[in-house]
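*Asks:* Chain residues, written in single-letter form:
2 protein chains.
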Amino acid sequence: MQPLPGFRDFLPSDCAARNYIFAKWREVACRYGFVEWDGPVLEPTELYRKKSGNEIVGQLFNFIDKGEREVALRPELTPTLGRVVAAHDREFKKPLKWFSIGQFFRYEKQQRGRLREHFQLNCDIIGEDSPNADVDLVALCVDILREFGLTEKDFVIRISDREFWTDLLRAHKIDSRAWDEILQAIDKSERQPREKTAEKLGQLAGPVLKLLDQGGTSEKLDRLVEGLRERGLAEFVNVDVRIVRGLAYYTGMVFEVFDRAGKLRAIAGGGRYDNLIAQLSDDAVSLPALGFAMGDVVLGELINATPVARGKMEKAIAAANKIDIYIVIAKEDRRADAIAQLQQLRDRGYRVDYPLTAEKVARQFQAAEDEGASLALLYGDEWPQIAVKDLATGEQKLIAREDLLAHLQGQPSLSS
Amino acid sequence: MQPLPGFRDFLPSDCAARNYIFAKWREVACRYGFVEWDGPVLEPTELYRKKSGNEIVGQLFNFIDKGEREVALRPELTPTLGRVVAAHDREFKKPLKWFSIGQFFRYEKQQRGRLREHFQLNCDIIGEDSPNADVDLVALCVDILREFGLTEKDFVIRISDREFWTDLLRAHKIDSRAWDEILQAIDKSERQPREKTAEKLGQLAGPVLKLLDQGGTSEKLDRLVEGLRERGLAEFVNVDVRIVRGLAYYTGMVFEVFDRAGKLRAIAGGGRYDNLIAQLSDDAVSLPALGFAMGDVVLGELINATPVARGKMEKAIAAANKIDIYIVIAKEDRRADAIAQLQQLRDRGYRVDYPLTAEKVARQFQAAEDEGASLALLYGDEWPQIAVKDLATGEQKLIAREDLLAHLQGQPSLSS
Numbered sequence: 000m001q002p003l004p005g006f007r008d009f010l011p012s013d014c015a016a017r018n019y020i021f022a023k024w025r026e027v028a029c030r031y032g033f034v035e036w037d038g039p040v041l042e043p044t045e046l047y048r049k050k051s052g053n054e055i056v057g058q059l060f061n062f063i064d065k066g067e068r069e070v071a072l073r074p075e076l077t078p079t080l081g082r083v084v085a086a087h088d089r090e091f092k093k094p095l096k097w098f099s100i101g102q103f104f105r106y107e108k109q110q111r112g113r114l115r116e117h118f119q120l121n122c123d124i125i126g127e128d129s130p131n132a133d134v135d136l137v138a139l140c141v142d143i144l145r146e147f148g149l150t151e152k153d154f155v156i157r158i159s160d161r162e163f164w165t166d167l168l169r170a171h172k173i174d175s176r177a178w179d180e181i182l183q184a185i186d187k188s189e190r191q192p193r194e195k196t197a198e199k200l201g202q203l204a205g206p207v208l209k210l211l212d213q214g215g216t217s218e219k220l221d222r223l224v225e226g227l228r229e230r231g232l233a234e235f236v237n238v239d240v241r242i243v244r245g246l247a248y249y250t251g252m253v254f255e256v257f258d259r260a261g262k263l264r265a266i267a268g269g270g271r272y273d274n275l276i277a278q279l280s281d282d283a284v285s286l287p288a289l290g291f292a293m294g295d296v297v298l299g300e301l302i303n304a305t306p307v308a309r310g311k312m313e314k315a316i317a318a319a320n321k322i323d324i325y326i327v328i329a330k331e332d333r334r335a336d337a338i339a340q341l342q343q344l345r346d347r348g349y350r351v352d353y354p355l356t357a358e359k360v361a362r363q364f365q366a367a368e369d370e371g372a373s374l375a376l377l378y379g380d381e382w383p384q385i386a387v388k389d390l391a392t393g394e395q396k397l398i399a400r401e402d403l404l405a406h407l408q409g410q411p412s413l414s415s
Numbered sequence: 000m001q002p003l004p005g006f007r008d009f010l011p012s013d014c015a016a017r018n019y020i021f022a023k024w025r026e027v028a029c030r031y032g033f034v035e036w037d038g039p040v041l042e043p044t045e046l047y048r049k050k051s052g053n054e055i056v057g058q059l060f061n062f063i064d065k066g067e068r069e070v071a072l073r074p075e076l077t078p079t080l081g082r083v084v085a086a087h088d089r090e091f092k093k094p095l096k097w098f099s100i101g102q103f104f105r106y107e108k109q110q111r112g113r114l115r116e117h118f119q120l121n122c123d124i125i126g127e128d129s130p131n132a133d134v135d136l137v138a139l140c141v142d143i144l145r146e147f148g149l150t151e152k153d154f155v156i157r158i159s160d161r162e163f164w165t166d167l168l169r170a171h172k173i174d175s176r177a178w179d180e181i182l183q184a185i186d187k188s189e190r191q192p193r194e195k196t197a198e199k200l201g202q203l204a205g206p207v208l209k210l211l212d213q214g215g216t217s218e219k220l221d222r223l224v225e226g227l228r229e230r231g232l233a234e235f236v237n238v239d240v241r242i243v244r245g246l247a248y249y250t251g252m253v254f255e256v257f258d259r260a261g262k263l264r265a266i267a268g269g270g271r272y273d274n275l276i277a278q279l280s281d282d283a284v285s286l287p288a289l290g291f292a293m294g295d296v297v298l299g300e301l302i303n304a305t306p307v308a309r310g311k312m313e314k315a316i317a318a319a320n321k322i323d324i325y326i327v328i329a330k331e332d333r334r335a336d337a338i339a340q341l342q343q344l345r346d347r348g349y350r351v352d353y354p355l356t357a358e359k360v361a362r363q364f365q366a367a368e369d370e371g372a373s374l375a376l377l378y379g380d381e382w383p384q385i386a387v388k389d390l391a392t393g394e395q396k397l398i399a400r401e402d403l404l405a406h407l408q409g410q411p412s413l414s415s
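One line per chain: the protein sequences are C and G, in this order.
The first sequence begins at 0 in numbering that gives the first Met the number 0 and counts up by one.
The second sequence begins at 0 in numbering that gives the first Met the number 0 and counts up by one.
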């Protein structure tokens, strides 16, 4: 009677919360001139191996299908993006500004904020190397979170730059084959004992730990913050070179979004990956790119932990699952008349429900209340008039049947 | 560079078409007082075996996960519905009117109108045995298709009743173990040579073939059509006892929706399944139920083959992927001023794009047109005034920067 471990059932209120998050994601992405696309949830396993190496396979829901193909439920969207962009390169002018909302899967140990499936917004800009694109992408991330009623008191975007560190590695003449391990050690330094990080950093422990302690910045990062300041969004970001992002393919600016209270996992993360599309397409297409992903689970936790944001979401959930009008059939011999008007009302776009079987009037009013109806229409002795009752104020008016549609058009509480 | 066989990439115009279909499904289901829910796309394989027997497994994307569980990508929603309704039986008053929009998977030979994945709307009424529920469900199916601009000239709902046939089998004292095979033969009779059907029907060939030739009806079916007539929807349905539905679990009214031209596969299908929830829940919960499913693939084909419906969809696709305003930066030294207003405009909910790098003005106007902008705002020599150009009429006005937001509020072509 349970879903699989790490998978969710969405009862109506859960589903309305999910739809609320999707609607906000979609709305703000469209404001930024992004267009929506999607890929399959099942892809050849090779697509993920190509990007992330063999280790990723251990975290996949992967299998051999009935046609002997190695396939996997998608763990992330970027490899599909690379495939699709390379396949349709000539059809679209660059830069592309594409977003997608879909479900992703990882076979991982379940923890708070991490299930085996989640929904994710992906926003990517393809074919643009101007730092203005970096500003626009981070601004989009800020504005999406603001749209949920979250403020600079609730979240912070920690912005960094991989080149801040790779420039240092180059200056110290570190063999580029050792870079990944050092960058990983920097990425993990906040969650590791200092000695362990120092050990991994080896000869670089001194200068790197100093930078991690004191903080640092670069001209590029300063310009990025300045770009956000021009938009009035500077208070949402901190330059923080401790952020590196675990994935090897990032090439420039990177960022991660956290709750200010520091209690939750990352809400979103992304950055520049200028070489990845060439790598994924076997050099068929080379395009600079940047993007971020935001999941529904941690975001939902932050919304629920923030009273203003939670209030907004709860209002949206109530509105999603309410009807406008409940038809009360007080006399069964008025059922056919009521049904004829039911059809007219639904045709006009109102959300209307009614008793499928004969019920006591009190029970029908209870159903009207349970379903969140704004109005009740009583079909009974008053026919050919209908008693229209406002369920918020209790006010009741008699309306002739032929005047009903015109009367309802003036009602502000109805959805249509 | 290709998706797996039978799986689709959704480029922006495909994705907008998909979202259009989802939005209409959702809108009309809500008008009928249905609320949205969803289940996991991955479920224990056993859930499908329990409902459909072992044969179903041959058509599944099923595998053993890393925790040694037998799991499958969902081929349909009803088993999950049974699981969820039984698990939460006491939390919800009956009848439930639930709908869901999600993706489903079958490992099948690809044919026209049948891929290995598709999206499906499911609408179910749980806990109501009144025939009024049957009328409401069929009416919902009609109204969903009408909402796409399809008329009684484009589609027909063929309504039948399993009991029409099981009453006959009972009258002929046919062993109930033989029923399934006979019902399957009736279901397939339109697609099989007459002799083959006769052979399968055995002693019943005479009376059954006569009924299939002449047609038949029942009091129950007549009442159902009468209920639809009260709503003005009778012309969308035909009583047609040749419809039985292949699945063994239907117990009463069944229906299938076809294009009038008879060129496509079924657009939707459903019926009553009063025993299934008990069966799926091992008799923990017993509730009468009925529902239908409608897929996105065949529906999309019918919409595309019907000029009025296609026109409506194309309009929606264009609107989904258009922006409101393109900011033309005619002088680069106005970029910071333009960006400050960009942020204000997006905050107001307008969809706004702009050149990420310095571009010739003509190229910027081309981008504005490509993205479907209604207005272009020119930031150049006129500053602190902005030239606001209506891209449909070519009309241009100079507006002071502080008056811009007020000026735009009067523009009917903008999305916010």
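Just so you know, not all the hints are guaranteed correct.
What the hints assert, rightly or not - Output of the computed footprint for chain G on chain C, the stretches with three or more beta carbons under 8 Å from beta carbons of chain G:
| id | segment |
| --- | --- |
| 1 | 157 to 165 |
| 2 | 240 to 254 |
| 3 | 259 to 268 |
| 4 | 293 to 304 |
| 5 | 341 to 352 |
| 6 | 384 to 390 |
Said to hold, decoys possible - Quick look at which bits of chain C chain G covers, simulated, 3 or more residues with Cβ under 8 Å:
| id | segment |
| --- | --- |
| 7 | 12 to 21 |
| 8 | 30 to 38 |
| 9 | 182 to 195 |
| 10 | 402 to 410 |
Because the hints were derived from the structure by calculation, they are not lab data.
Ideal Cβ positions, reconstructed from N, Cα and C, are used throughout, including at glycine.
*Asks:* Taking the hints in turn, state whether each one holds.
*Replies:* Evaluated hints:
{"no.": "1", "hint": "157 to 165", "verdict": "violated (count 0)"}
{"no.": "2", "hint": "240 to 254", "verdict": "violated (count 0)"}
{"no.": "3", "hint": "259 to 268", "verdict": "violated (count 0)"}
{"no.": "4", "hint": "293 to 304", "verdict": "violated (count 0)"}
{"no.": "5", "hint": "341 to 352", "verdict": "holds (count 9)"}
{"no.": "6", "hint": "384 to 390", "verdict": "violated (count 0)"}
{"no.": "7", "hint": "12 to 21", "verdict": "holds (count 5)"}
{"no.": "8", "hint": "30 to 38", "verdict": "holds (count 8)"}
{"no.": "9", "hint": "182 to 195", "verdict": "violated (count 0)"}
{"no.": "10", "hint": "402 to 410", "verdict": "violated (count 0)"}
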